[in-house]
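Residue numbers (the numbering used here), protein chains in the order written: chain H, 1 to 51; chain B, 1 to 479.
Hints may contain errors.
Output of the computed footprint for chain H on chain B, the stretches with three or more beta carbons under 8 Å from beta carbons of chain H [said to hold, decoys possible]: (1) 92-99; (2) 116-122; (3) 130-136.
Since the hints were derived computationally from the structure, they do not count as laboratory data. Virtual Cβ for every residue (Gly too), placed ideally from N, Cα, C.
Given next are the chains, with one letter for each unit.
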Amino acid sequence: MSDDPDKASPTGLSLKEAEEVHSYLIDGTRVFGLLALIAHVLVALSTPWLG
Amino acid sequence: MSERHPLTQFTIRAMPFSDAASDALPLRQLLRLSLFQVSVGMAAVMLLGTLNRVMIVELSVAAWIVAVMIALPVVSAPFRALLGFKSDTYRSSIGWKRIPFLWFGSLYQFGGLAIMPMALVILGEGKQAIGPEWVGEAGAALAFLLTGLGMHMTQTAGLALAADRATEETRPRVVALLYVMFLVGMAVSAVIVGWLLRDFSELRLVQVVQGTAVMTLVLNILALWKQERVTPMSKEEREAPRPSFRDAWRDFASGGKAGRLLVVVFLGTMAFNMQDVLLEPYGGEILGLSVSSTTLLTTMWAAGALVGFGIAARQLSRGQNPYRMAGWALVFGLLAFSAVIFAAPLQSALLFFIGAGLIGFGGGLFAVATLTAAMTMPAEGLAGRGLALGAWGAAQATAAGFAIAIGGTVRDLVNSASMSGLLGDALADPATGYSVVYHVEIGLMFATLIALGPLTRFQRTNPTPGEAKARIGLADFPT
Numbered sequence: 001m002s003d004d005p006d007k008a009s010p011t012g013l014s015l016k017e018a019e020e021v022h023s024y025l026i027d028g029t030r031v032f033g034l035l036a037l038i039a040h041v042l043v044a045l046s047t048p049w050l051g
Numbered sequence: 001m002s003e004r005h006p007l008t009q010f011t012i013r014a015m016p017f018s019d020a021a022s023d024a025l026p027l028r029q030l031l032r033l034s035l036f037q038v039s040v041g042m043a044a045v046m047l048l049g050t051l052n053r054v055m056i057v058e059l060s061v062a063a064w065i066v067a068v069m070i071a072l073p074v075v076s077a078p079f080r081a082l083l084g085f086k087s088d089t090y091r092s093s094i095g096w097k098r099i100p101f102l103w104f105g106s107l108y109q110f111g112g113l114a115i116m117p118m119a120l121v122i123l124g125e126g127k128q129a130i131g132p133e134w135v136g137e138a139g140a141a142l143a144f145l146l147t148g149l150g151m152h153m154t155q156t157a158g159l160a161l162a163a164d165r166a167t168e169e170t171r172p173r174v175v176a177l178l179y180v181m182f183l184v185g186m187a188v189s190a191v192i193v194g195w196l197l198r199d200f201s202e203l204r205l206v207q208v209v210q211g212t213a214v215m216t217l218v219l220n221i222l223a224l225w226k227q228e229r230v231t232p233m234s235k236e237e238r239e240a241p242r243p244s245f246r247d248a249w250r251d252f253a254s255g256g257k258a259g260r261l262l263v264v265v266f267l268g269t270m271a272f273n274m275q276d277v278l279l280e281p282y283g284g285e286i287l288g289l290s291v292s293s294t295t296l297l298t299t300m301w302a303a304g305a306l307v308g309f310g311i312a313a314r315q316l317s318r319g320q321n322p323y324r325m326a327g328w329a330l331v332f333g334l335l336a337f338s339a340v341i342f343a344a345p346l347q348s349a350l351l352f353f354i355g356a357g358l359i360g361f362g363g364g365l366f367a368v369a370t371l372t373a374a375m376t377m378p379a380e381g382l383a384g385r386g387l388a389l390g391a392w393g394a395a396q397a398t399a400a401g402f403a404i405a406i407g408g409t410v411r412d413l414v415n416s417a418s419m420s421g422l423l424g425d426a427l428a429d430p431a432t433g434y435s436v437v438y439h440v441e442i443g444l445m446f447a448t449l450i451a452l453g454p455l456t457r458f459q460r461t462n463p464t465p466g467e468a469k470a471r472i473g474l475a476d477f478p479t
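Work out the full structure: start from the sequences and follow the hints.
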C-alpha cells in the first residue's frame, strides 16, 4: 500500500485513494449531466414541448 | 503483501476495476479486455458508414457538411499521442494509469453517440422548429468530435493496457486478437445496424444510435472491470512534477527508430487504404460485376485480413522480426495491386477477387506487425508505452483518413481530365482514374519499403542485449 499516514479504514483505502475513486464518480456524473442537458436542448429545438 | 490487514485484502479484491492477480493475462480476461475494440469498431462503422449514408440519403444534408463532420474524428487523431503521454504520466493514489482514460473515453464516446441522432435530425432539411440556424451544425459537430475523441481515448488507453499486461511471448497474439475483435465489431454492428435501419424513420434513428451508445458503455465497462493491476504510488511519486510532453517526445524519438516506424506506419497505411472506397465501384463500373458480387469483395478482403492476422500472430510469436514481417506484408501488397490493375485489361473478375483478398492479407500482416513493433518499443526515459501506442494510433488513423479522401479525389480529378480527352485518346477510359490511384499505392509501398529498410538492419546488427539474443537465430527463419 501507499505510505499515507492518514488511513481511512475500515475500507482499507487511504483517504487519498477514497477521494480519487470519488472524483471519478463525481466527474463522470458531471459529464453525464452536461450531455443530458445538451440532448434535451436539441430535442426541444426540433419538437418544442414547452409552449 | 503479507503485512496487509485482512480487511484491506478483502477490499482490494472486491473493489471495482482493480485486480491484484498475477502478471499473466489469462485468456478469459484478455477476451473481456478486447471488448473495447468491439465498441470502437462499432462506433467507427456508425461514423464512417451508417451515419454518412443516413445524412446524405435520408436526411439530405449537403455533401460538404457531411464531409466536414466525418473529417472531424480523423483530424483529432493526432491527439492520441498526447493522450497516451498523459496516461503514461498519470498521477494516481490508487495506481491506475489506463482505467481513468478508458472510463472517460467510454463516457465521451457514449455521449457523442447519445446526442448524435437529435443533432442529425435538426441538421436535416426543415426539421428545426425554433432556435438559431446554426444549432444543427454545431450539435452535429460536437457529437462527431465527442465520439471521435472518445474512440481515440478508449483505444489508446486500451491498447496501452493490453501492452502493459502482455508478456514478450504473448504480445503478437494479443495484438492479433485485438485486431480480430475490431474487425468483428465492425462486421457484426454493420449487419445489425443495417438490418435495424431498413425501414428508416427518425424515431428509429434515435433508437438505433442511442442503442449503440448504451452498448458502448456496457462493452467498455465489461472490458475494463478489474483489468489494471493496482500499483499504488508513494507520496513522492505522486507529487513529482509531470514531465513535459516535449521532453517525453524527445526521449521517444531519440535513437531514430521511433520516428522511422511512424513514417512507415503512415506511408504503409496510406498505401493499403487508398482504394478503400474505390474497389466496389471499380468492380461495378469497369469489370461490370453485379452488386451482390461486389459485396463478395468485402468478404474476400475481410477473409484475407483474418488470415493475415492469424499468420502474423503465428510467425511473430515464433520470433519473426516484426519489421521484416512488415516488409513481407508490403511485398504481398505489391502483388495485390498488380493483380487489381491487370484485372481491367484482362477483364478477369477472378484476378480482381484474388487481388482484393491479397490487399486484406497484406494489410492485416502489416497492421499486426507494426502494432507489435510499437508495443515492443522499449519504454525508456520519459517515454512510456502509452506515448508509443498513441503515436502509432495517431499515424495510423490520420493516414487512413487522408488515404480515403485522397483516393476519391484523385480518381475524380484524373477521370474528369482523361474523359475530356486532356490526356490523349489512349487514356480516355473510366479505368484511368482508378488505375492512377492503384499505381500511387504501389509507389507508396516502395516508399514504405525504403523507409522500412534501415529498421530491419537495426534489429540485426545492433540487437539490444538480452532482448534480441533469444530471437536472433529465428529472425532469419524462412516464412
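Hints, one by one, checked against the model:
no. : hint    : in the structure
1   : 92-99   : holds (count 3)
2   : 116-122 : holds (count 4)
3   : 130-136 : holds (count 3)
Every hint, counting from the list given before, is met by this structure.
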